[in-house]
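Colleague: Now for the letters of each chain:
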Amino acid sequence: MKARIKITLKNGVLDPQGKAISHALDQLGFDGIGDVRQGKYIEVDLSETDTAKARAALEDMCERVLANTVIENYAIELDGA
Amino acid sequence: MKSAVIVFPGSNRERDMLYALEQISGQKPLTVWHQETTLPDVDLIVLPGGFSYGDYLRTGAIAGLSPIMKAVKEQADKGVRVLGVCNGFQILTETGILPGALLRNAHLKFVCKEVELEIATSQSVFTSAYSANQVIRCPVAHHDGNYFADEDTLNRLEAEDRVAFRYTQATNPNGSIRNIAGIMNEQKNVLGMMPHPENLIEAAQGGTDGRGIFESALETIA
Numbered sequence: 001m002k003a004r005i006k007i008t009l010k011n012g013v014l015d016p017q018g019k020a021i022s023h024a025l026d027q028l029g030f031d032g033i034g035d036v037r038q039g040k041y042i043e044v045d046l047s048e049t050d051t052a053k054a055r056a057a058l059e060d061m062c063e064r065v066l067a068n069t070v071i072e073n074y075a076i077e078l079d080g081a
Numbered sequence: 001m002k003s004a005v006i007v008f009p010g011s012n013r014e015r016d017m018l019y020a021l022e023q024i025s026g027q028k029p030l031t032v033w034h035q036e037t038t039l040p041d042v043d044l045i046v047l048p049g050g051f052s053y054g055d056y057l058r059t060g061a062i063a064g065l066s067p068i069m070k071a072v073k074e075q076a077d078k079g080v081r082v083l084g085v086c087n088g089f090q091i092l093t094e095t096g097i098l099p100g101a102l103l104r105n106a107h108l109k110f111v112c113k114e115v116e117l118e119i120a121t122s123q124s125v126f127t128s129a130y131s132a133n134q135v136i137r138c139p140v141a142h143h144d145g146n147y148f149a150d151e152d153t154l155n156r157l158e159a160e161d162r163v164a165f166r167y168t169q170a171t172n173p174n175g176s177i178r179n180i181a182g183i184m185n186e187q188k189n190v191l192g193m194m195p196h197p198e199n200l201i202e203a204a205q206g207g208t209d210g211r212g213i214f215e216s217a218l219e220t221i222a
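So the sequence lines, in the order shown, correspond to chains A and B.
Numbering of the first sequence is given in the numbering used here, commencing with residue 1 and proceeding in unit increments.
Numbering of the second sequence is given in the numbering used here, commencing with residue 1 and proceeding in unit increments.
What the hints contain is simulated information worked out from the structure, not anything from laboratory work.
Glycine included, C-beta positions come from ideal geometry on N, C-alpha and C.
Treat each hint with caution, since some may be false.
[As the list claims (entries may be wrong)] As a list, the in silico SDA-like pairs of lysine to any residue whose alpha-carbon atoms are at most 25 Å apart:
(1) A:K10 x A:E72
(2) B:K73 x B:L30
(3) A:K19 x B:K70
(4) B:K70 x A:A57
(5) A:K40 x B:D55
(6) A:K10 x B:D152
(7) B:K109 x A:A20
(8) B:K109 x A:N11
(9) B:K2 x B:Q123
(10) B:K73 x B:S25
(11) A:K6 x B:H143
(12) A:K10 x B:N179
(13) B:K78 x B:D55
(14) A:K6 x B:A106
(15) B:K70 x B:F110
(16) A:K40 x B:G175
(17) A:K53 x A:R64
(18) A:K10 x B:L39
(19) A:K19 x B:H107
(20) B:K70 x B:E186
(21) B:K28 x B:D43
(22) B:K109 x A:S22
(23) B:K188 x B:A71
(24) A:K10 x A:N73
(25) A:K19 x B:I177
(26) A:K19 x B:T171
(27) B:K73 x B:E158
(28) B:K113 x B:I177
(29) A:K19 x B:V111
(30) B:K73 x B:V42
(31) A:K10 x B:R178
(32) B:K188 x B:P40
(33) A:K19 x B:Q75
(34) B:K109 x B:A141
(35) A:K6 x A:R55
[Stated by the list, open to error] Covered by chain B, per the in silico footprint, the following chain A stretches (three or more residues, Cβ under 8 Å):
(36) 12 to 26
(37) 65 to 78
[Claimed, not checked] Label pairs and their in silico Cβ distance ranges:
(38) A:F30 x B:Y56: 27 to 37 Å
(39) A:T49 x B:Q169: 53 to 63 Å
(40) B:Q169 x A:H23: 18 to 28 Å
Let's have the full structure, built from the sequences with the hints guiding it.
Modeller: Right under this line is the structure:
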């Protein structure tokens, strides 16, 4: 089973990289660029076949290492779920 | 004062720290590899600067999972002094020993220069050799030193007198919220700071303003 995990900065956490990207897009002439936020995307292959167990394990991984929940949110997508 | 410096793969300021500790305490510090699971009996544990695990995932995140960190946390809970400098501060926030997080510098650049620090409190085992509101010079060298915590945490840190250092408004090098450069845990026996006091301890380094942190720790050990 493959998991796709999106990690994004929480609202209210300054994202200087997102700001720099927004500025670059603006400079390239793209109109109407508002807020840009940069995050992380992580793929994890799992041998687990039970979706509920896989999700529980992935949540544990996110809480303990993949995300820093002081500043980041995470969203887990599971293939075939 | 007996001290130990923890070395992670990618630490690079441990020698500066070992030198400073030996010069000031007169005792040779121990070095402890991150794979160890126990710590020697010491008065001060130091997590040095560097780029542990290449800053992969987030600064300090992988190092925070090293076997030795469990022992560091246990010792910290028992009241043993722990000092985390730069990457060491990042590791302390990642493990939750200190609150908040260190984000990418607001201007996105690596910053390597001298800044001015205001001693935010002299009521601690790390700052008692200074006077409150004293301004000292101290070098910084980091890419992710932009301290962040939510408003409640920040208010609590201030109410409990746990902010140790602030950048002076004019020299905040990274965008840290409320100019915070260093904070302590609830018991005030753990200090995390981005600046490098170990690099300003003798005239040959351009000054001695950083000595006070080590001297405070030394003086206040029974």
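Colleague: If a hint holds in the structure, say so; if it doesn't, say that too.
Modeller: To see whether the hints hold, each was checked on the structure:
1. Restraint check for A:K10 and A:E72: the C-alpha separation of about 5 Å stays at or below 25 Å, so the hint holds.
2. For the proposed pair B:K73 and B:L30, the alpha carbon gap of about 18 Å is at most 25 Å, so the pair holds.
3. Pair hint A:K19 plus B:K70 does not hold up; C-alpha atoms about 37 Å apart against a cutoff of 25 Å.
4. The straight-line distance between the Cα atoms of B:K70 and A:A57 is roughly 22 Å, inside the 25 Å bound, and the hint therefore holds.
5. A hinted pair counts as satisfied when its Cα atoms are at most 25 Å apart, and A:K40 with B:D55 qualifies at roughly 14 Å.
6. Taking the CA atoms of A:K10 and B:D152, the gap is near 16 Å; set against the 25 Å cutoff, the hint holds.
7. With a C-alpha separation of about 12 Å, the suggested pair B:K109 and A:A20 falls inside the 25 Å cut-off, and the hint holds.
8. Using a Cα cut-off of 25 Å, the hinted pair B:K109 and A:N11 holds, with the two alpha carbons roughly 23 Å apart.
9. With a C-alpha separation of about 22 Å, the suggested pair B:K2 and B:Q123 falls inside the 25 Å cut-off, and the hint holds.
10. Between B:K73 and B:S25, the direct Cα distance comes to roughly 24 Å. Compliance with the 25 Å bound is thereby established for this hinted pair.
11. Taking the CA atoms of A:K6 and B:H143, the gap is about 24 Å. The hint holds against a cut of 25 Å.
12. Proposed proximity of A:K10 and B:N179 is supported: the alpha carbons are some 21 Å apart, at most 25 Å.
13. Of the supplied pair hints, the one linking B:K78 and B:D55 is violated, its CA atoms being roughly 29 Å apart against a limit of 25 Å.
14. Proximity of A:K6 to B:A106 is assessed by CA-CA distance (about 23 Å); at most 25 Å being required, the pair is judged to hold.
15. Annotation: proposed proximity of B:K70 to B:F110 is violated, straight-line Cα distance about 30 Å (limit 25 Å).
16. Only pairs whose Cα atoms come within 25 Å are accepted, and A:K40 paired with B:G175 is accepted, the gap being roughly 22 Å.
17. Distance restraint check for A:K53 and A:R64: the Cα-Cα separation of roughly 17 Å lies within the 25 Å cut-off, and the hinted pair is therefore satisfied.
18. Our distance criterion of 25 Å between C-alpha atoms is broken by A:K10 and B:L39, whose separation comes to about 36 Å.
19. At most 25 Å may separate the alpha-carbon atoms for a hinted pair to count; A:K19 and B:H107 meet this at roughly 10 Å.
20. Distance restraint check for B:K70 and B:E186: the Cα-Cα separation of roughly 18 Å lies within the 25 Å cut-off, and the hinted pair is therefore satisfied.
21. Distance restraint check for B:K28 and B:D43: the Cα-Cα separation of roughly 13 Å lies within the 25 Å cut-off, and the hinted pair is therefore satisfied.
22. Restraint check: the Cα-Cα separation between B:K109 and A:S22 comes to about 17 Å, which is no more than 25 Å; the hinted pair holds.
23. Taking the CA atoms of B:K188 and B:A71, the gap is near 18 Å; set against the 25 Å cutoff, the hint holds.
24. Straight-line distance between C-alpha atoms of A:K10 and A:N73 comes to about 6 Å, which keeps the hinted pair within the 25 Å bound.
25. Distance restraint check for A:K19 and B:I177: the Cα-Cα separation of roughly 17 Å lies within the 25 Å cut-off, and the hinted pair is therefore satisfied.
26. A hinted pair counts as satisfied when its Cα atoms are at most 25 Å apart, and A:K19 with B:T171 qualifies at roughly 22 Å.
27. Restraint check for B:K73 and B:E158: satisfied, since their Cα atoms lie roughly 23 Å apart, inside the 25 Å limit.
28. Between B:K113 and B:I177 the CA atoms are separated by roughly 19 Å; this keeps the pair inside 25 Å, and the hint holds.
29. Note on A:K19 and B:V111: the hinted pairing holds, with a Cα-Cα distance of about 19 Å set against a maximum of 25 Å.
30. In summary, the hint linking B:K73 to B:V42 is supported, as the alpha carbons are separated by about 14 Å, within the 25 Å threshold.
31. A distance of roughly 19 Å separates the Cα atoms of A:K10 and B:R178; the hinted pair therefore holds under the 25 Å criterion.
32. Of the supplied pair hints, the one linking B:K188 and B:P40 holds, its CA atoms being roughly 21 Å apart against a limit of 25 Å.
33. At most 25 Å may separate the alpha-carbon atoms for a hinted pair to count; A:K19 and B:Q75 exceed this at roughly 41 Å.
34. A distance of roughly 11 Å separates the Cα atoms of B:K109 and B:A141; the hinted pair therefore holds under the 25 Å criterion.
35. Of the supplied pair hints, the one linking A:K6 and A:R55 holds, its CA atoms being roughly 14 Å apart against a limit of 25 Å.
36. Proximity of the segment 12 to 26 of chain A to chain B, defined as three or more residues with a beta carbon under 8 Å from a beta carbon of that chain, is established by the 6 residues found.
37. For the segment 65 to 78 of chain A, the proposed coverage by chain B is satisfied: 5 residues have a C-beta within less than 8 Å of a C-beta in that chain, meeting the threshold of three.
38. One distance hint, 27 to 37 Å for the beta-carbon pair A:F30 and B:Y56, holds here, with the actual separation near 32 Å.
39. For A:T49 and B:Q169, the hinted distance range of 53 to 63 Å is satisfied, since their beta carbons lie about 57 Å from each other.
40. Distance hint for B:Q169 and A:H23: a CB-CB separation of about 25 Å, consistent with the stated range 18 to 28 Å.
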